[in-house]
Amino acid sequence: MSISGGGYARGDLLNGCHELVPGLSSAYGYVPSLAAGIVFDLIFAAAGIYHIVRSVQKKKATSYILAIAAYIELVGWIGRTWSSKCAYNKIAFLLQITTLVVAPIFVAAAIYVALGSLIKAVGQQYSVIRPKVYLWLFLVVDVVSLLIQAGGGGLASGAANKGKDTKPGANLMVAGIIFQLVSMTAFCILFAIFLWRTRHLVLLKGQQLVVYAMTISVVAVYIRCIYRTIELLQGWDGELMSTEGYFIGLDGACIAIAIGIFCIFDPAVLLNIEKTPSNTYSDELNMDE
0 MSISGGGYAR GDLLNGCHEL VPGLSSAYGY VPSLAAGIVF DLIFAAAGIY
50 HIVRSVQKKK ATSYILAIAA YIELVGWIGR TWSSKCAYNK IAFLLQITTL
100 VVAPIFVAAA IYVALGSLIK AVGQQYSVIR PKVYLWLFLV VDVVSLLIQA
150 GGGGLASGAA NKGKDTKPGA NLMVAGIIFQ LVSMTAFCIL FAIFLWRTRH
200 LVLLKGQQLV VYAMTISVVA VYIRCIYRTI ELLQGWDGEL MSTEGYFIGL
250 DGACIAIAIG IFCIFDPAVL LNIEKTPSNT YSDELNMDE
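Per numbering that gives the first Met the number 0, residue 0 is the first one in the sequence shown, and the count goes up by one each step.
Worth flagging that the hints you see were computed from the coordinates, not collected in a lab. Just so it is clear, the structure is predicted and the values come from calculations on it, not from any experiment. Any given hint could be a false lead.
Claimed, not checked - Heads up, simulated BS3-like pairs for lysine-lysine below, C-alpha to C-alpha not over 27 Å straight-line:
no.	residue 1	residue 2
1	Lys84	Lys204
2	Lys131	Lys204
3	Lys119	Lys58
4	Lys89	Lys204
5	Lys131	Lys57
Let the sequences and hints guide you as you build the complete structure.
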């Protein structure tokens, strides 16, 4: 995946702004779509504005975290939009590859916080672990995963821009994403247990809507994790890595859904940490367990 030759100096291609030259591949293996870049720029900018406004109004952790996630995604998609016009620019490429692996971790953190608030509202007896453990345990795992992925992404992108072997960096990214996938799988199991144990509770309407939103968001992030795992296992020149449609549908769209659903059903607005009247049915629930 070399970006040298054809009479062009490497430095000019990497630092300047050049459209795709026939026979001279970019680090992506394609030219990112300008239309997709603009659409996702607008989506994540709007989501970020919404959660910033809510963070000022409600002062809830979920709003702060989701605003950060939206704007990290925005920076990444700005990088891809930039690359649509400057196919070889290394800054634009590094901008998107480093930020777009970070944002899902903040989405997951918001989910952990929302679940913790929900557990406090309905009762800790319905959860396998304490509310705070969700945040600190899974967040630490996600951060470690992030550091591994970011390190691998930096190595791989640097190698791609120099026309060298990207496999070492890609392998490191694979290790990080698999680590994250295992962590997300464990969280999904614990979340499913919580939903099963509370299946007979009559939740407040707002709490029920947040449960639906969390479920959609978790599924979207999980699909993205599976996609990125398979993508990286195929390698830098694999079909998934070199086909933008997969990235748009299974990364960009999934994270847009994972963040956007909380604009519609916002935990900062809907969650009520008071005990629900349905807790009076706990004896019936315990009998079913």
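Outcome of the hint check:
Under the criterion of a C-alpha separation no larger than 27 Å, the hint pairing Lys84 with Lys204 is inconsistent with the structure, at around 47 Å. With a CA separation close to 24 Å, the supplied pair Lys131 and Lys204 stays within the 27 Å bound. Distance restraint check for Lys119 and Lys58: the Cα-Cα separation of roughly 18 Å lies within the 27 Å cut-off, and the hinted pair is therefore satisfied. Of the pairs offered as hints, the one joining Lys89 and Lys204 is violated, with about 49 Å between alpha carbons and a cut-off of 27 Å exceeded.
Taking the CA atoms of Lys131 and Lys57, the gap is about 20 Å. The hint holds against a cut of 27 Å.
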